[in-house]
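J.: The residues making up each chain are set out below.
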Amino acid sequence: MLKIFILKMLSIKDLYVSIDGMEILKGINLEVKPGEIHAIMGPNGSGKSTLANVLAGKEEYEVTHGEVTYMGKNLLEMAPEDRAKEGLFLSFQYPVEIPGVPMVNFLKTAVNEHRKYHNEKELTAGEFLKFMREKMDLVEMRSQLTNRSVNEGFSGGEKKKNEIFQMALLEPKLAILDETDSGLDIDALKTVAHGVNALRKPENATIVVTHYQRLLEYIVPDVVHVLYKGKIVKSAGKELALQLEEKGYDWIKQENEN
Amino acid sequence: MSVLVDKADLSLKYTAHYNEVKESLQKESADVLNAPRNKAFQDFVMQGIPTRKNENYKYTNLQPQFFPEYRFMHRREPVKLDLHAAFRCDVPQLDTHLAFIFNGWYYEDNKQAGQLPEGVILESLEKIAREKPELLKKYATLAKTEEDPLVALNTAFAKDGYFLYVPKNTVVDKPIQLINFLQANEDAFVTQRNFIVVEEGADAKIVSCDHTLNLNTYLSNSVTEVFVGANANFEYYTLQNEHNKTTSLNSVFVHQEKDSKATTLYSSLHGGVIRNNLRFILDGENAEAHLYGMAFLDKKQHVDNFTQVIHAKPNCMSNQIYKNVLNDESNGAFAGRIHVIRDAQKTNAFQRNNNLLLTDKATMQTKPQLIIDADDVKCSHGATVGQIDEEALFYMRARGIDEDKARLMMMNAFAHEVVQQISIEPLRDRIDELVDKRLKGEVARCHECAYNCDC
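Chains as they are written, first to last, in the UniProt record's numbering: chain A, 1 to 258; chain B, 1 to 455.
Bound conformation, chain B alone (with noise of 0.2 Å):
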């Protein structure tokens, strides 16, 4: 009885929340983003906070996530420290538009958007809505509210993160790399929602970094709509590192036109419950999408990648490779969704999953669902669930190499192949370095952070 209680509870307690500050929300923001707002909110309603019940999320139920007593960040607060000062990047050669988001908030005094090529803009969501709001007009078409609670949740109390634009035949050189802070004084809710135009012809990579500057309870929810034009080229490389009290949840949504091609890679390197929800739209010929992601968890971690890829088009290509080292008691979950629409013919679509359990109580749920509506296609998924290899561990002591140093060989090895998908040569090796670190157990910290939380 109590535990339907604290259900009900709990979606009442956000219902409430949301009666409270909806007019100030309403009030605050931009005609674009609160257009959605009300039906948001009502759609999170009809679909709750996630359990295993949600055939979506199946593998993680967020019920415990959501009870903690949040302080929702709707407001921009003013930054006391200077992030500039506090953040330095210590990865060498890495020459990259920086720009900070606190707390899901575009950092104001973000300085290094001035030096972008002509035409591009990086800005705070909040600040485009209100002075450039007809370059939202695809705001929320891709994130459909109706079809995912946090989704829902997000458009609900959407106020800011970053939009990125890149107008036709750009190229921006260098890496935009975005360092998402989270630091309150209490737990808290944090909401960002990004949106991102890569015109046709147009090139860009983005280089994302979640960091916890304390340790407090944390709830990221984030949603990202990306559109990338016809033969436009896009890379989106994540690096989670977070404290084992962030719960991360991100939805992303690409769409793709004619002969495009976008990448996302996943590094899951530190975080308590992290979700990443994403959804790609090969809606053009000749379109060509790559899903990566590594996870690297212990304790009681639970790391959750779910995907979706859609081709409405025909020879569009496809390819995912998800893989999961799990140490102690942790819980990994991969379930990848490949959609071949009637008439995308010749459709190349892979999807891989390997996972690598270091002990007898970490456990993984894999879940390849293929759903093929024509004729002529090429589809294949593969998962495995598999120890340290005991013959090839025992070849490498013949040789010298002493078992803890010969197993992490074998696991940086693992690794290795979703390292190496990465374009940009100095976080390459960068990251191959956190993952040497992460499975060390030492701390893998990427960055010279002023305060050393031990987070």
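Bound-form chain A, shown alone (with noise of 0.2 Å):
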């Protein structure tokens, strides 16, 4: 009975998503399964960011065509807490900053938001404080940054950082990373990937949406998407990162174009 979540953990169907009128995706088709690692890849401005705040739940999207069912449900109709608290989680391209929300805050409502709707007894101010360690240790956060309002003051590499720790603290079926390479410098991104790979399970899948194959290095995927103008013209394995870096993305625009 169980056997349909195993299989199928995300499936689009043909969907299509405009802002402000404008159409950016076009009839996207995929399907992640348990354990797996895809890669969506494609130049600036093909819908890839997209693809993921739509997934998150982000508002100002609007879907006009579709399906997306994930985990057996209809994720479009639901809120993006309750997305969250189902175990899909968004690694922003571009962390906010909230000045003034402290950070254990934040981190401890959210984790105990999850426990409350999964009926796990919430964690005490001392329970979270041990947790939290034990997972700072992991994408080596510094330990001021908690104290700090949510992402103020954090450099790129910390705001990056922050992001995978909060998904080690939230434990998702599902991630997305939206750029998580940008602006990290070979160390960081090193951190950041070791973080990645530490959390995985067999029974969890990750997107990794990216504009280099740097990323792909250190997070192997078994599928890597090229997203072309709102659409995925190409699927294939990991082989396929290597031959956009050699060629460019112009030889995915010059296919498409003839």
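No lab work stands behind these hints, which were simulated from the structure alone.
Take every hint as true, because none was put in to throw you off.
Below, in silico cross-link-like pairs of lysine-lysine (DSS-like), each with a Cα-Cα straight-line distance of 25 Å or less:
hint, chain 1, residue 1, chain 2, residue 2
1, A, K173, A, K130
2, B, K168, B, K258
3, B, K361, B, K53
4, B, K361, B, K300
5, B, K361, B, K405
6, B, K22, B, K127
7, B, K127, B, K137
8, B, K127, B, K111
9, A, K121, B, K440
10, B, K27, B, K13
11, B, K378, B, K346
12, A, K247, A, K229
13, A, K58, B, K405
14, A, K229, A, K253
15, B, K58, B, K299
16, A, K173, B, K405
17, A, K116, B, K440
18, B, K144, B, K258
19, A, K58, A, K8
20, A, K116, B, K405
21, B, K405, A, K159
22, B, K437, A, K116
23, B, K405, A, K121
24, B, K367, B, K299
Some, not all, of what chain B presents toward chain A, calculated at C-beta under 7 Å:
hint, residue
25, E391
26, G400
27, M409
Pulled from the structure, derived: some chain A residues nowhere near chain B, Cβ distances all over 12 Å:
hint, residue
28, S18
29, R133
30, G237
31, E257
Heads up, the beta-carbon is just placed ideally off N, CA and C, and yes, glycines get one too.
Now that you have both chains on their own, put them together as the hints suggest.
T.: Now the structure itself:
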């Protein structure tokens, strides 16, 4: 009976999405199974981030056609917070600063909202701090950062580490990493990739949205998709990423313009 | 035509009332309070009840507030309840010197004053005026009747309030908590006059809480004069928590000598119309003034904070942070003036006003004003009016925090910048809690009130 879930974690069918009347996604089809890592690559403006944000539930995007099923449920009908609590996690391309909201409060609230949703006992302040410290090592998160307001005064690299740190705390089933490599130097990139790999479990899946092949050296995908002008124009194994690196996106553009 | 007649009638009504009571006011009060009385009333008549035509009241028309048929609380009336029994401040670990003020009158059975450090006087102003008028030599010198009609009217009617004297180098260990109650059987007009002296090297903290005990319409007009001596520290925390039919008008004047530090913090949790006038004079080098305020408004409430900081001597510092969260059709105003007098060089003056509008109908007026007559100063001001940051909201929701909770966390965060300025820790925690309740739309009752009056 549970096999349905195991076979398909995420299923996107013929998805069309607009923002302010402009069509960005034009018929996306994608299936992700537990244990898989999918990479979505593509030139700037192809709709990669739109896809990531639509899956997380950002409201200014209008789904005009198509369906998305996540863990057997209609994802598009769910509020962003419920998607999160059902195990979908978006690592933001641009993590938001929230002045005045302390990191610890934010994280504790998020973790306890998840726990409540799954009928688990909420963590006390002490229990949470212990749990948090365990996870901090994973991404080499400096402890001073958790004393600040959410993302306030964080460097670009610290913001991205903070995303993976949150992922470690929330233990999602499906993680969508939106340009997690952008703005990272090679050391930070390794740390972040190490964190993502350490969090992998056979029943979880990851979608890596990226412009460059670089990150995929550390997070090795099972499938690579190329998104171009709102459509997936190519899907293949990890070698596709290398091909793209070599030939550049012009290759895709030419193929699709002709 | 009718509007004109109404206004004239309204002023005439107050004139007729003053003429009726001035003899008894004079007869029942000590000379020090009587001396400025008649001139004060003339000053009030000259200026009139504030309307928007008065530049300083541009955002607050008080005519409608002065219109109801009030009973004037010109006499001390017997308090029929035991306030010590009725009121138990349930702020845990907040150990204070407690005193009550009832309808503007210092409560006769205040018990705690006796435990104050030696030399400290916390008393009824009326009594001090009668028995130790030499302590009130500077009475009505800061609060100038020709400059503000509310001050003029207060001075004309003033009979009582509290008096605090902290002698040289004396530290009042615990905060002094003053609970202002309003309770009358009919709509009431309350006048309260306070006088505070914190001498050289002394240290005092006041926590002042305003409450209403029933749902009648009240207008409370208070004036407080504060003298802060050299190297002294004075902190004044006010919690305004009254109902929507209350008009709370407060004018506080602070005079600071060299190396002194003074802090005021207004938490306007609830009230119909609130106007806080603050005027600081930094009259000695290296004096430091901090003015903080936060207001939470909904329905048709109105809060207007009006500040003036006068840098009269060089090397002084002032800092103002005011924050408002406005819901429904509420309306807020902030006008902050920094005046650097000639030769007050090396002045550091800073001012900021941030506002969060939760609806399309809520409005906020904000007006910074810098008057700088010296040439080597650092002054800055900033004002923002905005909504909840939608990007931040989505970020929090994407982490599993539902929309209401995320909004609440952000509003709390917004206010927290002011809350954290409170130096008394249990009070700070409690105000945090009250702000949270207020933002959740719950009744933010801050005391165990024996009279569950829904107010």
